[in-house]
Amino acid sequence: MATPLLQVEHLEKSYGDVHILHDINLTIATGSVTVLLGPSGSGKSTLIRCLNGLEDFQSGQLTFSGQPVTPNAKTWQQLRQKIGMVFQSYDLFPNLTVLDNILLGPLKVQHRSKAEAQEQAVKLLKEVGLADYQDAYPRQLSGGQKQRIAIVRALALNPEFMLFDEVTASLDPEMVRGVLEVLRNLAQQKMTMLVVTHEMNFAREIADQVVFLEEGHILEQTPGQQFFANPQTERAQIFLNSMDF
Amino acid sequence: MSWTIIQQSIPVFVQAFWLTLKLSFYGIIGAIIVGLIASFLRYFKVPVLRQISAAYTEISRNTPLLIQLFFIYYAFPEIGIKISATAAGISGLIFLGGSYMAEAIYGGLQGVAKIQVESGLAIGLSRGQLARYVVFPQGLTLSVPAIAANVIFLIKETSIFTVIAIPELTNTALDQIGLYYHTDESLFVLVIAYAIILIPLSLALTWLERRARRGSFGN
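Protein chains in written order, with full-length UniProt numbering: chain S, 1 to 245; chain A, 1 to 219.
Since the hints were made in silico from the structure, they are not lab data. Nothing here was measured: the structure is a model prediction, and the numbers come from that model. For every residue, glycine included, the Cβ atom is placed at its ideal position computed from N, Cα and C. One thing to keep in mind: the hints can contain errors.
Calculated lysine to aspartate or glutamate pairs in the EDC-like style (CA-CA distance at most 20 Å, straight line) [said to hold, decoys possible]: (1) LYS123(S) to GLU181(S); (2) LYS108(S) to GLU103(A); (3) LYS114(A) to ASP56(S).
Residues from chain A that keep clear of chain S, each with C-beta distances beyond 10 Å, as calculated [stated by the list, open to error]: (4) PRO47; (5) GLU58; (6) THR63; (7) ALA131; (8) PHE153; (9) SER159; (10) ASP175; (11) ARG211.
Sequences and hints are given; from them, build the entire structure.
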């Protein structure tokens, strides 16, 4: 196995007395796609949010690119340029145009030149089929379009790792395909990704590795093909049977 | 009711009309500035200044303008601060309006969705950048309706200035009644004068609210 891009060791997370994540150990290889599966309330979102500092955690060690992560505001602000995240809701900034949404990070956070950042933004927009929407405002776009632009906004920072938190869950069925297509292309370009999804066919197709989470415990961490063909735990078997795909 | 008497009284009312507008204008601009400062102190949790601004808000909102004006105009000279009635009126309006504007603006900032903050953080924005590019533009737009309501409220509050003898509209009407007993005519002109200010303004503000809402939002 190549050097892991991200290593999570003994991560524990609770809200007050409620223990959300128990002894999470996770290894994500560079260039691989990890799909995080599990029933609702199992802690998938919480886990993914711990990985870019939107949630703090009580104990455990993260190692990114071989560097131990000191979880404080400053470190996270730096790291978030390398760890992109896209959320379930279409979260574009409504007060900015599509292009300004995308350029905010590259210009204000990374202080890149406008010409260069804009060129990249246009190229990325072309790749997701939305080159004509640069000057549109988010309210003029459909959910699927907004979500693809949210992905572009994250990619514009040239991240090394992308987190996708149920990015198709609140889209109309006909919008889902376009967004999944974008994720598929990213996987082909060897972007390292951690994907939370309920699209099981897509998960089976894209996953190099599946992590199965239940009640805050990782029950399985296995290669994708193996998980779908022959899950190790009974719980995962029940989960797969319950999913209609 | 006599039209001749109304016509005769028009010039003094016109003067009072402009004075009311002028006092309202400075008072409201000042109140918005104070409101912006106070709400930013609260938003950024600036130590000490934030507590001072919280104390100011409590005092300002929980005392009547009448009493605030008495303090500024009659009590402050006792400790050596002497200002004209006009300046006292404007100061009173700013003192009162500042806290209302602060609440309106802070309410708007609070109304910005949490996911907006998180997606700003997720692209690496610092707290300050997040405020400048995401939270303030959206929050200020959200606070427009509350600010507009306060603008109308503050203009009406200028009628209290009569207690420190500023010749604004209400004072002028009371004067006319006291001098000539033209009660009906004076009150009639008074109502018309306020309506001329407030109705078009209210319509304009409603238009602005609608624009603000459409201008930036609507997912």
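Going through the hints against the structure:
1. LYS123(S) to GLU181(S): holds, 16 Å
2. LYS108(S) to GLU103(A): violated, 30 Å
3. LYS114(A) to ASP56(S): holds, 16 Å
4. PRO47: holds, 17 Å
5. GLU58: Answer for GLU58(A): holds, closest chain S Cβ roughly 31 Å.
6. THR63: Fine: 37 Å to the nearest Cβ keeps THR63(A) off the interface.
7. ALA131: About 12 Å separates ALA131(A) from the closest Cβ of chain S, which puts it past 10 Å; holds.
8. PHE153: holds, 27 Å
9. SER159: SER159(A) clear of chain S: closest Cβ-Cβ about 38 Å, beyond 10 Å.
10. ASP175: Given a closest Cβ separation of 49 Å, the condition holds.
11. ARG211: Its Cβ never comes within 10 Å of chain S, the nearest being 13 Å, so this holds.
Checked against the numbered hints above, the structure breaks only hint 2 and satisfies the rest.
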